[in-house]
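Q: Now for the letters of each chain:
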Amino acid sequence: MSAAPPSRTPGATPGSHAEVTLAANMRRARRVGFATIVIREFSRIMRIWGQTLVPPVITATLYFIIFGSLIGGRIGQMGGYTYLQYIAPGLIMMSVITNSYGNVVSSFFGAKFGRHIEELLVSPLPNWLIVLGYVAGGMLRGLLVGLIVTIIALFFTHLHVEHLFVVIAAVLLTSVVFALGGFVNAVFARNFDQITFVPTFILTPMTYLGGVFYSIQMLPEWAQAASKANPILYMVSAFRYGFLGQSDVDVGFSFAIMALSVAVLFTACVWLMNKGTGIRE
Amino acid sequence: MKALSLRQLCKTYNNGVQALKGIDLDVEEGDFFALLGPNGAGKSTAIGIVSSLVNKSSGTVTVFGHSIDTDLEAAKSCLGVVPQEINFNQFEKISTILLNQAGFYGIPRPVARERMEYWLNQLQLWEKRETISRSLSGGMKRRLMIARALIHEPQLLILDEPTAGVDIEVRRSMWEFLRRINEQGTTIILTTHYLEEAENLCRHIAIIDEGRIIENDRMSTVLRKLQTETFVLNLRGPLRRTLSLPGYRVTAPDETTLEVEVNKDQNLNEIFGALSAAGGEVVSMRNKANRLEELFMRLVEGRDVGSGQPTAPPAAQAGA
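Chains as they are written, first to last, in our numbering: chain G, 1 to 281; chain Y, 1 to 320.
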């Protein structure tokens, strides 16, 4: 038989050389474990590319053709930019949101449904690392689709980038937030209806009402106030600020909302995993 | 060292069912241990708790000295589990399943590939490594789960009904395989409904019923507790004279078959003598039930395996 696995490392007394080796082995094991989950998720995205990559590309292309080229020409300028330039960041962000969320919710629920989540649950990987692995998978798909949609956008319009760091930070944080959201949904879901309910009846309306297609300055005051209760508004606004240099809300506040959402949702995910909600009896 | 130690382990499910009622159990390192019990006795719950798939209500579990409460990662590293139900991704190839599982245990890819080749060869699955797991036969799926459980070379292997639904040839080859890895040092805990399997393979046995351990000892000691055995004797033809066998319980399902219940203090010579006197010629003999099965039934259900048969025909006269 080949070399013994890290599990056979003998016990160690605190501060001893053996303990240092044990800790190093554990760090290495966690790195390998995390990479394995991410590679598995990426392989899944690529294996079923017809379901993961193609639909958002078609949807985005239709948006650009209909709202950008056909209707957009009649709307005129918004904030000094063409309508297509104005909605392009929103459309990119919309694809990032739906795909980050969709990847985790379908992959984790699928693993629950097929019971192969047990492969991870019996392994020595800590729960927080399992959450991170799935979130990284969701980010990968969200960012990959976002990149493809950006490239499509470039066929229709010129994209000016005002603050590159803001663009990158906003898209990364948003994909983390919605990957975590998808994880929570998958943990609670007991059937396939329950993994489509949130995206269809909550996520899509919130995205459409989150300033993807318009500035909330165009709305009456009560509607502006209502819009500010929608967290997606802050993400779309921050992302658009990175491109156009203009935002409906304070960008610093937007990043605070995103960071807070990440912290709360990550804590919730790990807590649910530790408690065993939906996965352990 | 104890491979597994359970102390006062209790589990009450949300629906109020008390699956485990304070189980104490020790499995020594290197042992081949049978955990038996009727359906719903609590075996799978106990295994689920040890492998972190079921939350315990109270009690302690330690795996090679690592508590699952305080040192869960180390405890899990020592453990390999082959569950009763298929639980791998049926859309993935065998190689992908094994390499991923190795990765979850922190085994780098080059080492994982070596181990995959070794274990797939051991389990006669190497040629199928690029096959989508969904298309494997039932026996191959079972062997794949064993290979997956061994890819990180655990010190303790728990198998929950590993040979359920596989043909006799595959079952026997799996027995050989399990014996070999046990000899190489892997502690094995086995649950099975094939009691012949437990009797053949295991050195220690615990019987669990209604959430409690009702028997826990060496296999040989447990089998000695069996007070009676029932033998089935096949005769060349019907008895020519009345069989006189006082003190024995004899039934005859048909003219050429006798079932004789023999107590520990009785012997077979008397039976053969009486049969010769009655003009009977015994052509073959076997245990009516596996010895462990007989004991298991008596312990679990208080069922008398030797009784309940058709009454003897006139030629066979049961002794007083």
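Possibly wrong hints are sitting among the right ones.
Claimed, not checked - Below, in silico cross-link-like pairs of lysine-lysine (DSS-like), each with a Cα-Cα straight-line distance of 25 Å or less: (1) Y/K93 x Y/K128; (2) Y/K141 x Y/K93; (3) Y/K93 x G/K112; (4) Y/K141 x Y/K128; (5) Y/K141 x G/K112; (6) Y/K2 x Y/K21; (7) Y/K128 x Y/K225; (8) G/K275 x G/K112; (9) G/K275 x Y/K21.
If you are wondering where the hints come from, they were derived from the structure by calculation, not from laboratory data.
Q: Indicate, hint by hint, whether the structure satisfies it.
A: Okay, the hints, checked on the actual structure:
no.: 1; hint: Y/K93 x Y/K128; in the structure: holds (9 Å)
no.: 2; hint: Y/K141 x Y/K93; in the structure: holds (12 Å)
no.: 3; hint: Y/K93 x G/K112; in the structure: holds (19 Å)
no.: 4; hint: Y/K141 x Y/K128; in the structure: holds (11 Å)
no.: 5; hint: Y/K141 x G/K112; in the structure: holds (19 Å)
no.: 6; hint: Y/K2 x Y/K21; in the structure: holds (22 Å)
no.: 7; hint: Y/K128 x Y/K225; in the structure: violated (46 Å)
no.: 8; hint: G/K275 x G/K112; in the structure: holds (16 Å)
no.: 9; hint: G/K275 x Y/K21; in the structure: holds (22 Å)
The structure fails hint 7 only (numbered hints given earlier).
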